[in-house]
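Trainee: Take each chain as given, in its own frame, and dock them per the hints.
Quick note, the sequences are listed as chains A and B, same order.
Every position in the first sequence, counted from 1, becomes a number in this note's numbering once 89 is added.
Every position in the second sequence, counted from 1, becomes a number in this note's numbering once 25 is added.
The hints are simulated quantities; they were obtained by calculation from the structure and are not laboratory data.
Source: prediction; values computed, not measured.
Warning: the hint list may mix true and false statements.
[Stated by the list, open to error] In silico DMTMM-like cross-links for lysine to aspartate or glutamate, where the CA-CA straight-line distance does not exceed 20 Å:
id: 1; chain 1: B; residue 1: Lys67; chain 2: A; residue 2: Asp466
id: 2; chain 1: B; residue 1: Lys151; chain 2: B; residue 2: Asp114
id: 3; chain 1: B; residue 1: Lys47; chain 2: A; residue 2: Asp112
[Stated by the list, open to error] Looking from chain B toward chain A, a few residues come up when the C-beta cut is under 8 Å (computed):
id: 4; residue: Ser40
id: 5; residue: Asp43
id: 6; residue: Leu46
id: 7; residue: Tyr49
id: 8; residue: Glu50
id: 9; residue: Ser53
id: 10; residue: Leu55
id: 11; residue: Gln77
id: 12; residue: Ser78
id: 13; residue: Trp81
id: 14; residue: Ile101
Glycine is no exception: its CB is placed at the ideal position from the N, C-alpha and C atoms.
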Amino acid sequence: MKTPLDAQKIRDDFPILQTRVYDKPLVYLDNAATTQKPRQVIDRVISYYYQNNSNAHRAKYFLAEKSSELYESARETVRKFIGAANSQEIIFTSGTTASINLVAQSLRKFYFKKDDEIIITEMEHHSNLVPWQMVCKDVGASLKVIPFDDEGVLRIKSLESMFTEKTRLIAVTHVSNVTGVINPVKEIIVRAHAYNIPVLLDGAQSISHLPIDVEILDCDFFVFSGHKMYAETGTGVLYGKQKWLEQMFPVQYGGGMVLSVDFDNTTFADLPFRFEAGTQNIAGAISIAAAIDYMNDIGINAIHSHEKQLLQYAADALGDIDQVTLYAESATKSGLLSFNINNVSPFDVSMILDKMAIAVRSGTHCAQPVMKHLGIDGTVRVSFALYNTVEEVDVLVKGVRRAVQILQ
Amino acid sequence: MTIDEEQNLIITEFSRLDDWLKKYEFLSTLGKNHTGINQEMKTDRNALRGCQSQVWICAQMISGKVNFRMDSDSLIIRGILALLLRVIDYRSPSEIVNANFYFLREIGLNTTLSPSRANGVATIVKTIKQLGQKYLEEISNNKD
Numbered sequence: 090m091k092t093p094l095d096a097q098k099i100r101d102d103f104p105i106l107q108t109r110v111y112d113k114p115l116v117y118l119d120n121a122a123t124t125q126k127p128r129q130v131i132d133r134v135i136s137y138y139y140q141n142n143s144n145a146h147r148a149k150y151f152l153a154e155k156s157s158e159l160y161e162s163a164r165e166t167v168r169k170f171i172g173a174a175n176s177q178e179i180i181f182t183s184g185t186t187a188s189i190n191l192v193a194q195s196l197r198k199f200y201f202k203k204d205d206e207i208i209i210t211e212m213e214h215h216s217n218l219v220p221w222q223m224v225c226k227d228v229g230a231s232l233k234v235i236p237f238d239d240e241g242v243l244r245i246k247s248l249e250s251m252f253t254e255k256t257r258l259i260a261v262t263h264v265s266n267v268t269g270v271i272n273p274v275k276e277i278i279v280r281a282h283a284y285n286i287p288v289l290l291d292g293a294q295s296i297s298h299l300p301i302d303v304e305i306l307d308c309d310f311f312v313f314s315g316h317k318m319y320a321e322t323g324t325g326v327l328y329g330k331q332k333w334l335e336q337m338f339p340v341q342y343g344g345g346m347v348l349s350v351d352f353d354n355t356t357f358a359d360l361p362f363r364f365e366a367g368t369q370n371i372a373g374a375i376s377i378a379a380a381i382d383y384m385n386d387i388g389i390n391a392i393h394s395h396e397k398q399l400l401q402y403a404a405d406a407l408g409d410i411d412q413v414t415l416y417a418e419s420a421t422k423s424g425l426l427s428f429n430i431n432n433v434s435p436f437d438v439s440m441i442l443d444k445m446a447i448a449v450r451s452g453t454h455c456a457q458p459v460m461k462h463l464g465i466d467g468t469v470r471v472s473f474a475l476y477n478t479v480e481e482v483d484v485l486v487k488g489v490r491r492a493v494q495i496l497q
Numbered sequence: 026m027t028i029d030e031e032q033n034l035i036i037t038e039f040s041r042l043d044d045w046l047k048k049y050e051f052l053s054t055l056g057k058n059h060t061g062i063n064q065e066m067k068t069d070r071n072a073l074r075g076c077q078s079q080v081w082i083c084a085q086m087i088s089g090k091v092n093f094r095m096d097s098d099s100l101i102i103r104g105i106l107a108l109l110l111r112v113i114d115y116r117s118p119s120e121i122v123n124a125n126f127y128f129l130r131e132i133g134l135n136t137t138l139s140p141s142r143a144n145g146v147a148t149i150v151k152t153i154k155q156l157g158q159k160y161l162e163e164i165s166n167n168k169d
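In isolation and in its complexed conformation, chain B is listed as follows (with noise of 0.2 Å):
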């Protein structure tokens, strides 16, 4: 499935809960069920600034691909966390700085969970463009 089919699919789903209860219990139980990361994999090094949660979010190349480990001690995050994945774990480089993540908006989680200074997924979603930067940017120094 392509970076728009997956983000395509998730507005699908979202469409059939009516309020924002059932869509934060959804989220919620995407968060319980979401692998986060080891203990000693959060780090000040990976963690992200800016934001109300405590978020953390790894990376590692595996053939090309970029495999994220992302993990929050917000359960609403943590559910957050795991539709992104599915949006972008192992996806190349390229595929991520050029994605657009419009299923945010279209599940309104980009105006529930913004504007302040804590705008964590905001912060969350530049992270992983950067990383993605980082990882395109080897190849093509790889590359040289």
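Just chain A, same shape as in the assembly (with noise of 0.2 Å):
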């Protein structure tokens, strides 16, 4: 099967995949827990420490200058890359789950009142449940959740059906962690938008599979992570439109995101610097603008386009094993599918899939309530780049087939 992405020649970029453990090629499939890093990304981070590393928006001197460029380069590089109308509403952040942390406690001091409504789904990662949960209970609010059905797509028909009056966000991940299905979340923001109800999105599991345009998409937030995106751990993005950044309070507080300061008051800078406070992670900055420029060299089309190849022949070949359970088999997916060996623990086999040099993740993939819906304990999740290939796919059927006789 030929794809439309050279993933072989691709390989040769990162240098992590020549690894070889127990003697045998690498088969790197847990991407949806983090990327690997190309040497374009590795690179340019080294670059920036051996050449320009300063601190960035504080001195004057040549270096200082240099280092507050390319930070800001990187945000208008992250700016385009998402369609977002201006780079002030990029807010460079430690990761997907700080960036909704940051959402949830800003909006708690002015805008979430007692028994008011935030609505998430069931499908939700635990870093976009918990801090809308917490926020819950400290004002007094409820959590709603949209359920999903046995093909883990949401049950949207019920969305319209949850709004009141009191309903203030609706918090909804792009793409599940566990299943990979797709949500429709431009139907969702079509029609929260017509009650005036905010939507914030998690694309920790779309931003380096999808095209993402939040213009077209008209979302209110966007979050993502730059380490699922072949950048550095430590670093991500809220994406905020402008008039909800404007209303927000900081959540974090000192020095960068202050215009004035006495002992009896402080004034906050305008936005992003609003809230980023303290020395950033500019390395890291620098390196989702690096990986940026990566995918944008391959085109995310492509990228896209060869992903989905590569897990529809895992979903096929994986689903003519007799004993193999695969979780929204017929739903639309991007990047990533879980299954199980039936009556086998998921830890099993994703400890036989290591010894064959498979590197896959099982568990609850921090989505215990997807698991109480399907009624297991957890699953083994394949998850795909743009660098995997076809051949690491009929690798990794081979370990699961040899799995079941080993553990059935």
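Mentor: See below:
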């Protein structure tokens, strides 16, 4: 099977993919947890430290100006990549979790009140569940949950019946990190906006797999992590529409986000700096820009098409194994799938695959409510990136067949 | 057989398995044949925290020896539990407290199942030792 990308050529860009594990070539299929980094990203970060490292937006000497320029250039690169209107809407954070917590805690200060309602879905990662749950507990609001059906598809027919005059926000994942199901987020946003309800999209599992345009989506917030799109860990982005960010209070305070400070009062900086307290992860932001440049060189549509074919190939091959149950089999998915070998612990499967140098994740994937709905303790998750190949899927399938022999 | 003699026997058995898949096959077979515990004993009280798979351990004293009952939803862990039972079941509390479970390291299990917050093997060993200590203190208190 030929895919749109020359994945073998792309793999040369990723030094870690040459690793041998138990004397076998590494087959890395845990990209939903974190992606590997190409030389182009690693080299850009090294270059920053060799030539440009300085604190950004602080001093006026040559290195400081250069560092500030690189940081702001990274912000602009992100803006273009996700189609935001202006760079003041792009806040650098330490990741998806930090971004969601920032929005939740900031809105908690002035926007959410007692008896308000926040809607999430049954398939959220804990990072897009617990922050909202805690806000509800703090202010006396309530959390409502859109369920999904047996195919892993959101029951959004019930969405509008959930709206009341107290509904204040919907937070929904763009792509499920357990099943890979792509949610109909555009439809959710249109329906929500008809009632002036803002929507936050968790883009952690979509940012490196699907083309994103926040203006076309018209989402109020979009969040993602750098390390899931070939950039460093400890990096991420919060996109927020300017009309929201302008109203929001900061939740972290200190240097870099203030205009004036004395012992009686402090005034805060303009966007985006108001939400970037302290010295930021400048090299991390640069790594995000480098990763975006890398993906743009290949083309996000080509990446999507390549991964879609791999995913379908894997689903078909695993589905052919009698003892394997695939989850959300018929739903439209992106980037990943989950399965189990019948009556076998997913932990055992991942341990055996590990000894064949195949890296997959087993467990609840930080989505315990999903497991509760499915009536299982966990799944084995296979998640793809632009450097995975058809041959790796063949190795995976052979490995799963061997695991069936050993464990059943 | 002493604890160390049992451990050495296990190490010898494993030395004949020349790759990891064979070891896991062996552990899976042990796991399939392992007598676990009844559903009603799979309580939160008997469950170990910090394991990726579910593990339950309970114990009782019978004629001065500690009888362990252990189970897991993972076949491989059940196999490891079966090996541990060979070494520790019906031993005195002081033997358990003083034992060094070196066979786990020798057969490669302490590295393959660690390190992480889901270090099941280390948690299992710690729990076994804690139970041994508990019964040792009970014996000591009864003597006083």
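Trainee: Holds or violated: is the Cβ of Ser53 (chain B) closer than 8 Å to a Cβ in chain A?
Mentor: Hint holds; Ser53 (chain B) Cβ to chain A Cβ min 5 Å, cut 8 Å.
Trainee: Taking the least C-beta to C-beta distance, is Asp43 (chain B) closer than 8 Å to chain A?
Mentor: With a closest approach of 13 Å, the Asp43 (chain B) hint is violated.
Trainee: May I ask you to test the interface hint for Trp81 (chain B) with respect to chain A, counting a Cβ-Cβ separation under 8 Å as satisfied?
Mentor: Violated: closest Cβ of chain A sits about 14 Å from Trp81 (chain B), beyond 8 Å.
Trainee: Is the interface hint for Gln77 (chain B) satisfied, with its Cβ closer than 8 Å to some Cβ of chain A?
Mentor: At 5 Å from the nearest chain A Cβ, Gln77 (chain B) passes the 8 Å test, so the hint holds.
Trainee: Would you mind confirming whether the straight-line C-alpha gap from Lys151 (chain B) to Asp114 (chain B) stays at or under 20 Å?
Mentor: Status holds; Cα separation ~15 Å.
Trainee: Would you check whether Tyr49 (chain B) satisfies its interface hint, that is, whether its CB is within less than 8 Å of any CB in chain A?
Mentor: Because about 6 Å separates Tyr49 (chain B) from the closest Cβ in chain A, which is inside the 8 Å limit, the hint holds.
Trainee: Given Ile101 (chain B) as an interface hint, is the shortest Cβ-Cβ distance to chain A below 8 Å?
Mentor: With Cβ-Cβ at 5 Å, under 8 Å, it holds.
Trainee: Interface hint check: Ser78 (chain B), Cβ to nearest Cβ on chain A, cutoff 8 Å. Holds or violated?
Mentor: holds (4 Å)
Trainee: Using 8 Å as the Cβ threshold, decide whether Glu50 (chain B) counts as touching chain A.
Mentor: At 5 Å from the nearest chain A Cβ, Glu50 (chain B) passes the 8 Å test, so the hint holds.
Trainee: Holds or violated: is there a CB of chain A closer than 8 Å to the CB of Leu46 (chain B)?
Mentor: holds (6 Å)
Trainee: So if I understand the rule, the pair passes when the alpha-carbon distance is 20 Å or less; does Lys47 (chain B) with Asp112 (chain A) pass?
Mentor: holds (16 Å)
Trainee: Hint check: Lys67 (chain B) vs Asp466 (chain A), CA-CA at most 20 Å. Holds or violated?
Mentor: holds (15 Å)
Of the numbered hints listed earlier, those contradicted by the structure are 4, 5, 10, 13.
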